[in-house]
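In order, the protein sequence lines correspond to chains W and U.
According to the numbering used here, the first sequence is numbered sequentially starting from 1.
According to the numbering used here, the second sequence is numbered sequentially starting from 1.
One or more hints might be untrue.
Claimed, not checked - Subject to a maximum C-alpha distance of 25 angstroms in a straight line, what follows is the list of computed SDA-like cross-link-like pairs (lysine to any residue):
| hint | chain 1 | residue 1 | chain 2 | residue 2 |
| --- | --- | --- | --- | --- |
| 1 | U | K717 | U | K530 |
| 2 | U | K498 | U | S465 |
| 3 | U | K171 | W | V191 |
| 4 | U | K30 | W | V191 |
| 5 | U | K624 | U | E636 |
| 6 | W | K98 | W | E86 |
| 7 | U | K30 | W | R190 |
| 8 | U | K285 | W | P158 |
| 9 | U | K79 | W | V191 |
| 10 | U | K53 | W | K59 |
| 11 | W | K103 | W | A121 |
| 12 | W | K172 | U | H415 |
| 13 | U | K171 | W | P51 |
| 14 | U | K565 | U | A284 |
| 15 | W | K103 | U | K717 |
| 16 | W | K103 | U | Q192 |
| 17 | W | K43 | U | E636 |
| 18 | W | K172 | U | K74 |
| 19 | U | K530 | U | K663 |
| 20 | U | K355 | U | E119 |
| 21 | W | K98 | U | G286 |
| 22 | W | K59 | U | K79 |
| 23 | W | K13 | U | K74 |
| 24 | U | K632 | U | T675 |
| 25 | W | K59 | U | V191 |
| 26 | U | K663 | U | S465 |
| 27 | U | K171 | W | R190 |
The set of hints was computed from the structure by calculation and includes no laboratory data.
As the structure is a computational prediction, the values presented were derived from the model and not from experiment.
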Amino acid sequence: MPEFNQELIEAFKAKAALVSAKVVEKATIADALQYAFEVCQAKEPAQLLAPENCETGPKGPLGCPTRATKILAAPSLSDEDFAALEKLCEGKNIACIKDNLRKHLAGIDVGFSFAELGVAASGTCMAITDKEDVRLSGMIAEIHVLVLQKSKIYPDLPSIAPFLRERMNGGKVSYTTLITGPSRTADIERVGAIGVHGPLELHIILLEG
Amino acid sequence: MHTAPTSAADYHNRIDEALHDDFLRRTLDKFAVEYRKSRTDVFQEVDERGLIKQIADAKDYACQHMDELYAQFKSEAEKRGVHVHLAKDAAEARMIIARIARQSNVKYIVKSKSMTAEEIELNPELERQGFVVDETDLGEWIIQLRHEGPSHMVMPAIHLSRYQVADVFQKATGEEQDREDIQRLVKVARVQLRRKFINADMGISGANFAIAENGAIATVTNEGNARMVTTLPRVHVAIAGLDKLIPSLDQALTTLLVLPRNATAQRLTSYVTWMCGANECQSAKGGVKEMHVVFLDNGRREISKDPLFKQIFRCVRCGACANVCPVFRLVGGHKMGYIYIGAIGLILTYFFHGKDKAKYLCQNCIGCESCANVCAGGIELPRLIREIRSRLTAEDGSVPGALMSAAMKNRKIFHSLLKFASFAQKPFTGGTQFQRHLPAIFLGKHSFKALPAIADKAFRDRWPSIAPKVSNPVMRVAIFGGCAQDFVYPEELEAAVKILGAKNVSVEYPMEQTCCGLPLEMMGQRATSKDVAKQNINAFYNGNYDYVVTLCASCASHLKHSYPKLLADDPEMSRKAEFFSEKVIDFSSFIHDKLKLTADDFVNNGEKITYHASCHLCRGLQVKEAPRELIKDAGEYIPCAEEEVCCGFGGTYSAKFPEISAKLLEKKLDNVAATGATTLVVDCPGCVMQLKGGAEKRKMGVTVKHMSELLAEHLKK
Chain W
1 MPEFNQELIE AFKAKAALVS AKVVEKATIA DALQYAFEVC QAKEPAQLLA
51 PENCETGPKG PLGCPTRATK ILAAPSLSDE DFAALEKLCE GKNIACIKDN
101 LRKHLAGIDV GFSFAELGVA ASGTCMAITD KEDVRLSGMI AEIHVLVLQK
151 SKIYPDLPSI APFLRERMNG GKVSYTTLIT GPSRTADIER VGAIGVHGPL
201 ELHIILLEG
Chain U
1 MHTAPTSAAD YHNRIDEALH DDFLRRTLDK FAVEYRKSRT DVFQEVDERG
51 LIKQIADAKD YACQHMDELY AQFKSEAEKR GVHVHLAKDA AEARMIIARI
101 ARQSNVKYIV KSKSMTAEEI ELNPELERQG FVVDETDLGE WIIQLRHEGP
151 SHMVMPAIHL SRYQVADVFQ KATGEEQDRE DIQRLVKVAR VQLRRKFINA
201 DMGISGANFA IAENGAIATV TNEGNARMVT TLPRVHVAIA GLDKLIPSLD
251 QALTTLLVLP RNATAQRLTS YVTWMCGANE CQSAKGGVKE MHVVFLDNGR
301 REISKDPLFK QIFRCVRCGA CANVCPVFRL VGGHKMGYIY IGAIGLILTY
351 FFHGKDKAKY LCQNCIGCES CANVCAGGIE LPRLIREIRS RLTAEDGSVP
401 GALMSAAMKN RKIFHSLLKF ASFAQKPFTG GTQFQRHLPA IFLGKHSFKA
451 LPAIADKAFR DRWPSIAPKV SNPVMRVAIF GGCAQDFVYP EELEAAVKIL
501 GAKNVSVEYP MEQTCCGLPL EMMGQRATSK DVAKQNINAF YNGNYDYVVT
551 LCASCASHLK HSYPKLLADD PEMSRKAEFF SEKVIDFSSF IHDKLKLTAD
601 DFVNNGEKIT YHASCHLCRG LQVKEAPREL IKDAGEYIPC AEEEVCCGFG
651 GTYSAKFPEI SAKLLEKKLD NVAATGATTL VVDCPGCVMQ LKGGAEKRKM
701 GVTVKHMSEL LAEHLKK
């Protein structure tokens, strides 16, 4: 068992909870995949916010048609892990996809991706989103599941400067996202509301190792 | 869409309209109180002052190296496939963006929030040229549908109720909306705007940071619309003022510790997006996005050379200056800015949109220093607003205040006028401290409080008979009286003299002293303000005093902080000003910290006493403990809700904006009444004037006293 800075982990969990992120702890990537599958299975089918050429189910609470087959997008999984995820979803009316998320901009059920590191002071995850499909998986999914290794939690924003710099300097092209809780607004009467344009829920899986 | 007041009367009408908007009042009241608390909470984990200083220094550096940072950014961004443009003004920026859209065969445009795009009034021009433009930030979308401008830099639709939003959504969608359920209304935007994201050919975003070391831009958002805008369409145009350039990402990370905390009391927003170079876009030619960054000058390079005003580029657009502003709280953003809102808005309006737009707006700062106290870049906002007033005066002499200025240039004339007033008001006072019988017609909007009377005998005329004789003094002080105490409330000074004499402090009252000059500054009369500053410094300069004690927080703050700055261009006077300012101290701090009087020196009869913390004491001088400790020495201190919020006096402000001053006083007195205290103690004669007048008018049975009077009454014999 590797050593973790338990204090940072606890601080991260506390701050993530304050911004309505759901934090769970899992031992292995297989457990994380199982979790993502279960989340997808348990949720109501995604509502289609725009026309899409696909089979639809009854209307959802927003008055939009729903997906007859749920979509779980995991664009950054290795082929092996993706196969394992597909196997979990087999026969459960969940389609696993790795790419071409643009075909499903009307909305998907779950996006599964990895965080490069975490920031304890604000419960933030830094995600490498250079690839458009990875970016979209955290934008158009109703539930975004992010996997963060416990060993990669840093105390505060200034302490992640070297990692950000590494991604941007030396002529590199990159698109990096710091994610702190689900999409939110308080634009109407300052009443907090979750899930405006992005995910309605953010789940963070803290992974051993 | 955006309109600025065209005359003082027009502005007062607009203010009245806002003051009668019950929804606006309730919303902003609630916000002001909640924000103050949440902000305090989230700042507990970081070194607020240290971070603000770091941001100020970093932004000052960036401002001095604007051209170099632009060149570096351009070179780095171009290496990464980004097209970088520089627009000299709003018209050129609009032209560049429209040209990009035309050349890329764009029809549909989606936008995420950008104050810079608001500044250049981009949408109308794009629409005129046939493009379809949709705002995607919820608040911006709402006001776009209503054809309005934002009323807050961070919460653009804070002035609207759910019902107004439901109405506008009903019109836009043609569907019945649930008028109560805000969560449902938010989802209307989710559904309606997704299609627009998908169909858009071009996305326009702002940028919170433009990082020179790597040509990256970053946006700080909550809704996630900026990520859609910068990801889905094949073309992305980011627009940023040149002031958004910073050398490296370290400054961005530091700023991120303050910006969200200040804006919405969040530790960090949901998303911070770092876009470094033209990134992958599957709908674009070759799978790579066409990306442009348009920098806007619009006067910024010129202002960056101004020794005083260059500090406006420390602004990170957090909106905190509006969040804490007692005037914003009453009138809302549409009455407190043209496009940019709040204290910084008054200033930016002058520079970006011209003096015609700023002329009346920039009068509407009460000078309470609340904004300067929370500004993420430590900008001296009220000072800059006063400075703009004096520039407006210089550019166009015919503003109120010229007559007063002429009188105050000469101390003897000014003081004779005040004494004449004492004689002339006699028929109206009935021998009381208030002007009782002024016909209401003369008072108009000023009738919300009883106006004070000028004292029969000014303090300076009482001085020879009351000056204490002290042998072997423990300290030597001189009193700076200030007009309000010299001529209206001499008893406050007399009380102070009684305590000082009893505690063996030698006291002098230099007769050549005059008005501190703050009222002149508030009216934009810079030249006379400098004249009286010199007179005062000279009046005290040759005396051998340990301290210059003043019982007026506003005078103290002005003498201490403004004099050295006002006289900075005169080496001889500025040296004397520094020497003088060093010695200036407020009464409570002197009694508590220097003379070190304690509970042992006072009789505590358990009287219930509450406190109003004067703006210039608690923020201007950062004096918070001493007065409250002294109250505890003399009675039972009952804290008042919103104790540090302005009472609405603001010197000449209460004459310029009586309708706002009255509302602030009303709130203050409501809070005072709720404490159940029988005495209200204040450390500034200006506040005493306002609060005494208000308490008298309401007959609320609370005695308003200056700290000196309270302590003199409770001093052990």
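Tested hints:
{"no.": "1", "hint": "U:K717 - U:K530", "in the structure": "43 angstroms, violated"}
{"no.": "2", "hint": "U:K498 - U:S465", "in the structure": "12 angstroms, holds"}
{"no.": "3", "hint": "U:K171 - W:V191", "in the structure": "22 angstroms, holds"}
{"no.": "4", "hint": "U:K30 - W:V191", "in the structure": "12 angstroms, holds"}
{"no.": "5", "hint": "U:K624 - U:E636", "in the structure": "17 angstroms, holds"}
{"no.": "6", "hint": "W:K98 - W:E86", "in the structure": "11 angstroms, holds"}
{"no.": "7", "hint": "U:K30 - W:R190", "in the structure": "10 angstroms, holds"}
{"no.": "8", "hint": "U:K285 - W:P158", "in the structure": "37 angstroms, violated"}
{"no.": "9", "hint": "U:K79 - W:V191", "in the structure": "44 angstroms, violated"}
{"no.": "10", "hint": "U:K53 - W:K59", "in the structure": "54 angstroms, violated"}
{"no.": "11", "hint": "W:K103 - W:A121", "in the structure": "37 angstroms, violated"}
{"no.": "12", "hint": "W:K172 - U:H415", "in the structure": "71 angstroms, violated"}
{"no.": "13", "hint": "U:K171 - W:P51", "in the structure": "22 angstroms, holds"}
{"no.": "14", "hint": "U:K565 - U:A284", "in the structure": "55 angstroms, violated"}
{"no.": "15", "hint": "W:K103 - U:K717", "in the structure": "88 angstroms, violated"}
{"no.": "16", "hint": "W:K103 - U:Q192", "in the structure": "18 angstroms, holds"}
{"no.": "17", "hint": "W:K43 - U:E636", "in the structure": "59 angstroms, violated"}
{"no.": "18", "hint": "W:K172 - U:K74", "in the structure": "15 angstroms, holds"}
{"no.": "19", "hint": "U:K530 - U:K663", "in the structure": "33 angstroms, violated"}
{"no.": "20", "hint": "U:K355 - U:E119", "in the structure": "15 angstroms, holds"}
{"no.": "21", "hint": "W:K98 - U:G286", "in the structure": "21 angstroms, holds"}
{"no.": "22", "hint": "W:K59 - U:K79", "in the structure": "48 angstroms, violated"}
{"no.": "23", "hint": "W:K13 - U:K74", "in the structure": "40 angstroms, violated"}
{"no.": "24", "hint": "U:K632 - U:T675", "in the structure": "15 angstroms, holds"}
{"no.": "25", "hint": "W:K59 - U:V191", "in the structure": "13 angstroms, holds"}
{"no.": "26", "hint": "U:K663 - U:S465", "in the structure": "41 angstroms, violated"}
{"no.": "27", "hint": "U:K171 - W:R190", "in the structure": "22 angstroms, holds"}
When each numbered hint is compared with the structure, violations occur for hints 1, 8, 9, 10, 11, 12, 14, 15, 17, 19, 22, 23, 26.
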